[in-house]
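**Q** Residue-level listing of the chains:
There are 2 protein chains.
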Amino acid sequence: MSKKQLLINAFNMNCVGHINHGLWTHPRDDSVDFNTLGYWTRLAATLERGLFDGLFIADIIGVYDVYQQSVDLTLKESIQLPVNDPLLLVPAMAAVTQHLGFGVTANLSYEPPYLFARRMSTLDHLTGGRAGWNIVTGYLDSGARAMGLPAMDAHDQRYERADDYLELLYKLWEGSWEDGAVRRDKAARIYADPARVHRVRHEGPFYRLDGYHLSEPSRQRTPVLFQAGASDRGQRFSARHAEGIFIAATDKAGTRKLVDSLRAQAVRAGRRAEDLKIFIGVSVVVGRTAHEAQQKFDEYWQYASAEAGLAHFASSTGVDFARYGPDDPIDYGNSNAIESAAQTAQASALTRRKLLERFRLGSRYPTLVGDAASVADELESWLEETGIDGINLTRTVTPESYEDFIELVIPELQQRGRFKTAYAEGSLRHKLFGDGDRLPARHVGASYRWG
Amino acid sequence: MSKKQLLINAFNMNCVGHINHGLWTHPRDDSVDFNTLGYWTRLAATLERGLFDGLFIADIIGVYDVYQQSVDLTLKESIQLPVNDPLLLVPAMAAVTQHLGFGVTANLSYEPPYLFARRMSTLDHLTGGRAGWNIVTGYLDSGARAMGLPAMDAHDQRYERADDYLELLYKLWEGSWEDGAVRRDKAARIYADPARVHRVRHEGPFYRLDGYHLSEPSRQRTPVLFQAGASDRGQRFSARHAEGIFIAATDKAGTRKLVDSLRAQAVRAGRRAEDLKIFIGVSVVVGRTAHEAQQKFDEYWQYASAEAGLAHFASSTGVDFARYGPDDPIDYGNSNAIESAAQTAQASALTRRKLLERFRLGSRYPTLVGDAASVADELESWLEETGIDGINLTRTVTPESYEDFIELVIPELQQRGRFKTAYAEGSLRHKLFGDGDRLPARHVGASYRWG
Chain S
1 MSKKQLLINA
11 FNMNCVGHIN
21 HGLWTHPRDD
31 SVDFNTLGYW
41 TRLAATLERG
51 LFDGLFIADI
61 IGVYDVYQQS
71 VDLTLKESIQ
81 LPVNDPLLLV
91 PAMAAVTQHL
101 GFGVTANLSY
111 EPPYLFARRM
121 STLDHLTGGR
131 AGWNIVTGYL
141 DSGARAMGLP
151 AMDAHDQRYE
161 RADDYLELLY
171 KLWEGSWEDG
181 AVRRDKAARI
191 YADPARVHRV
201 RHEGPFYRLD
211 GYHLSEPSRQ
221 RTPVLFQAGA
231 SDRGQRFSAR
241 HAEGIFIAAT
251 DKAGTRKLVD
261 SLRAQAVRAG
271 RRAEDLKIFI
281 GVSVVVGRTA
291 HEAQQKFDEY
301 WQYASAEAGL
311 AHFASSTGVD
321 FARYGPDDPI
331 DYGNSNAIES
341 AAQTAQASAL
351 TRRKLLERFR
361 LGSRYPTLVG
371 DAASVADELE
381 SWLEETGIDG
391 INLTRTVTPE
401 SYEDFIELVI
411 PELQQRGRFK
421 TAYAEGSLRH
431 KLFGDGDRLP
441 ARHVGASYRW
451 G
Chain Z
452 MSKKQLLINA
462 FNMNCVGHIN
472 HGLWTHPRDD
482 SVDFNTLGYW
492 TRLAATLERG
502 LFDGLFIADI
512 IGVYDVYQQS
522 VDLTLKESIQ
532 LPVNDPLLLV
542 PAMAAVTQHL
552 GFGVTANLSY
562 EPPYLFARRM
572 STLDHLTGGR
582 AGWNIVTGYL
592 DSGARAMGLP
602 AMDAHDQRYE
612 RADDYLELLY
622 KLWEGSWEDG
632 AVRRDKAARI
642 YADPARVHRV
652 RHEGPFYRLD
662 GYHLSEPSRQ
672 RTPVLFQAGA
682 SDRGQRFSAR
692 HAEGIFIAAT
702 DKAGTRKLVD
712 SLRAQAVRAG
722 RRAEDLKIFI
732 GVSVVVGRTA
742 HEAQQKFDEY
752 WQYASAEAGL
762 AHFASSTGVD
772 FARYGPDDPI
782 DYGNSNAIES
792 AAQTAQASAL
802 TRRKLLERFR
812 LGSRYPTLVG
822 DAASVADELE
832 SWLEETGIDG
842 INLTRTVTPE
852 SYEDFIELVI
862 PELQQRGRFK
872 TAYAEGSLRH
882 KLFGDGDRLP
892 ARHVGASYRW
902 G
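In order, the protein sequence lines correspond to chains S and Z. For the first sequence, our numbering begins at 1 and goes up steadily by one. For the second sequence, our numbering begins at 452 and goes up steadily by one.
No lab work stands behind these hints, which were simulated from the structure alone. Just to be clear, a hint being listed does not mean it is correct.
[As the list claims (entries may be wrong)] Each computed PhoX-like pair below joins lysine-lysine, with the alpha-carbon atoms no more than 25 Å apart:
#1 S/K3 / S/K186
#2 S/K257 / S/K4
#3 Z/K747 / S/K296
#4 S/K186 / Z/K747
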């Protein structure tokens with residue numbers, strides 16, 4: 001029996017500083033060119049050369065204004081601000097690639113569902129079935145205020161809203177146009193058969209709709225659904241809807257437990273354990289030798305910004321760490337995120353000093369530094385010991401961190417039978433699951449199909 | 452003094468049947484490929500080869516369900532249904548062109564302004580300053596219902612909303628980030644200078660906002676603003692905001708009056724007459740001889756659908772013409788659009804038979820059929836006699852109608868000094884007005900600049 005192969009997405013964002021903050025100042029880093037098309041089309045071509053499964057594009061609506069109760073550091077270090085629309089990058093990248101998938105983050109709390117449904121259908125058409133959606137509901141008060149709302153919905157309320165939103169979308173994507181509705185028959189003068197196109201009505205607790213989906217069915221209909229919610233309610237949402245789940249890995253044992261729990265929840269929701277592809281974030285600094293890798297890491301370190309990493313984390317948790325002295329114990333308050341961070345750091349009493357150490361470089365995710373063999377060893381170990389399916393590879397110094405990975409780690413993984421040597425044909429969903437372009441019949445979305 | 456040159460946009464839509472309905476059934480028409488990237492990148496390359504100033508992309512939210520109180524014909528003939536998102540086409544087309552401008556329609560009644568502001572800034576970044584926005588407020592009840600709303604806002608109310616929306620956008624585009632705010636200084640570790648980035652607050656009658664613009668300033672900041680409202684209230688809006696105005700030309704005398712009135716209104720609003728570039732829709736069927744052109748027109752005619760044209764017009768006016776016998780006089784009711792159509796058709800008593808004759812091919816706009824010299828004569832005549840600045844060229848059979856125009860009409864216009872022989876450098880705004888990338892100081896948007 002062949003070994004389980006690793007799925008590899010690049011993890012990026014339409015901004016300068018994404019995860020490993022401060023590295024934009026590195027002389028060889030070109031992320032300050034993120035405003036240009038060429039930056040993205042070159043990236044896409046690079047990733048497809050490396051047989052990456054996909055490019056996962058994060059997004060945020062709002063700004064990080066918790067640390068020092070200000071956006072000053074956010075602007076100076078460009079901590080996900082400015083941040084441009086992610087969706088608009090994809091058509092240009094699709095034009096220079098054939099296989100690379102695209103997982104694009106969009107916040108359903110703010111995007112009107114009828115327009116969003118069309119946007120994703122359009123993207124799936126233009127990419128020939130390579131579109132994925134990373135479903136987020138937002139968490140920043142600054143985002144809600146910018147949208148003209150008094151405040152964020154409460155956490156669980158956001159997921160109630162999300163369930164309603166998804167139901168509306170399934171009706172449009174799966175139910176409005178039957179297979180075979182589009183005939184394109186010039187001789188008969190029938191583009192679409194009216195008997196097979198259906199008006200959708202939806203009266204949910206949050207959303208209403210009475211109309212036809214504006215787009216004919218795209219290759220995948222529903223884009224591949226990604227999600228990253230870690231809370232109990234978020235996991236329940238994932239178990240029902242998600243096909244790809246992005247989790248924040250702590251240690252391997254904890255990750256194993258979470259992976260098992262997620263798959264068990266999916267099974268309880270009427271799906272199969274393997275209907276979930278689970279990804280962890282990973283940073284990699286690789287060299288031809290362990291020494292070279294360490295030298296590279298040390299060099300990157302000079303440009304990294306621990307304080308920027310901490311400011312980012314402050315908004316994730318809602319705690320202004322600047323209010324604490326360097327060695328004061330930090331009050332978790334009601335923040336699950338901090339508690340989880342404390343577990344991650346394996347420190348029962350977090351201090352600002354400890355957090356700064358942690359957030360300098362390779363902060364949030366496992367960071368692998370070494371030669372190709374040792375990086376591959378560690379990736380295999382994660383794959384085997386935790387039950388994950390793949391990684392979202394962060395960038396450090398870009399584009400060289402992608403190029404190093406492709407030059408050194410990909411061939412090593414291929415030699416070990418842990419990574420494909422050519423793309424499979426088909427849509428993103430088919431490439432991931434090998435079972436056709438569409439949602440499987442046991443997925444909740446399939447129940448909204450006509451007939 | 453050199454002659455006034457004609458501006459030429461292609462007029463298109465992310466759909467099969469746009470203006471000249473039924474021609475999708477022509478054997479050489481490839482508009483059924485509109486779902487693919489290649490269709491659009493080939494079009495963009497063709498237009499840039501022809502030195503077209505821009506591609507103007509229409510859009511509609513909703514379906515045409517007035518004629519026969521049904522969408523049956525709309526689906527069969529693909530009358531702007533399916534219709535995909537227009538914005539997503541632009542990045543791919545921008546990647547294969549350097550100069551072509553893009554005027555993209557978006558409906559402000561439905562797009563949340565904070566997200567829309569970022570989307571357009573992203574587009575302006577990715578295109579290097581070639582983004583334009585055709586401002587629409589929607590008119591279809593089916594669109595409002597699909598958006599979950601009980602009904603459309605009243606007409607003038609939509610423009611009140613639009614004024615508020617634009618004010619909010621100007622604050623983001625012009626006021627949030629000062630020039631010079633973005634330093635990209637790696638050595639000093641300053642991406643952006645916090646002292647020059649400003650939080651925007653807006654409390655309007657329709658919209659609220661408290662936040663920073665998520666995008667740094669793009670080349671044009673505010674995209675070039677297009678508008679097409681023909682009502683008094685729509686003209687008042689144009690006089691204040693629009694830089695490009697798209698009008699439905701009837702006869703030349705009527706167009707002259709409208710053009711003069713629009714420019715006078717702009718002057719009364721503190722702008723200059725030449726701050727408006729005014730475009731009319733035109734269809735062209737050109738041959739190497741008049742005879743060849745007429746043959747081509749007659750051949751196209753076989754594939755055109757008068758009934759589809761009428762169904763489209765039924766939704767524009769809200770009148771179900773199918774309820775009338777072929778020679779019954781049609782009751783205008785309160786429809787300004789029908790009254791205007793009656794004037795256009797120069798028929799005081801419109802009947803369905805008359806409308807069907809009119810809507811077979813080259814329905815809505817002046818349709819020029821002839822050799823290059825006669826088409827150029829007519830275009831020169833429109834330019835000279837009406838005071839317009841340019842045309843939005845519809846497609847008939849695509850792509851050959853664009854290719855014919857480029858092969859035959861463009862060189863004729865160039866020989867007459869009526870069309871440029873090379874692109875100017877600069878942004879879309881600079882190409883159109885020759886006065887820099889940004890809104891002129893006398894435009895209302897400029898008043899929202901910082902300081």
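**Q** Now tell me, hint by hint, if it's right for this structure.
**A** Each hint tested on the structure:
Between S/K3 and S/K186 the alpha-carbon distance is near 49 Å, which puts this suggested pair outside the 25 Å criterion. A C-alpha spacing of about 19 Å is found between S/K257 and S/K4, which places the hinted pair at or below 25 Å, so the restraint holds. At most 25 Å may separate the alpha-carbon atoms for a hinted pair to count; Z/K747 and S/K296 exceed this at roughly 67 Å. Simply put, S/K186 and Z/K747 have alpha-carbon atoms about 19 Å apart, close enough for the 25 Å limit, and the pair holds.
Violated hints, in rising order: 1, 3; the structure is consistent with all others.
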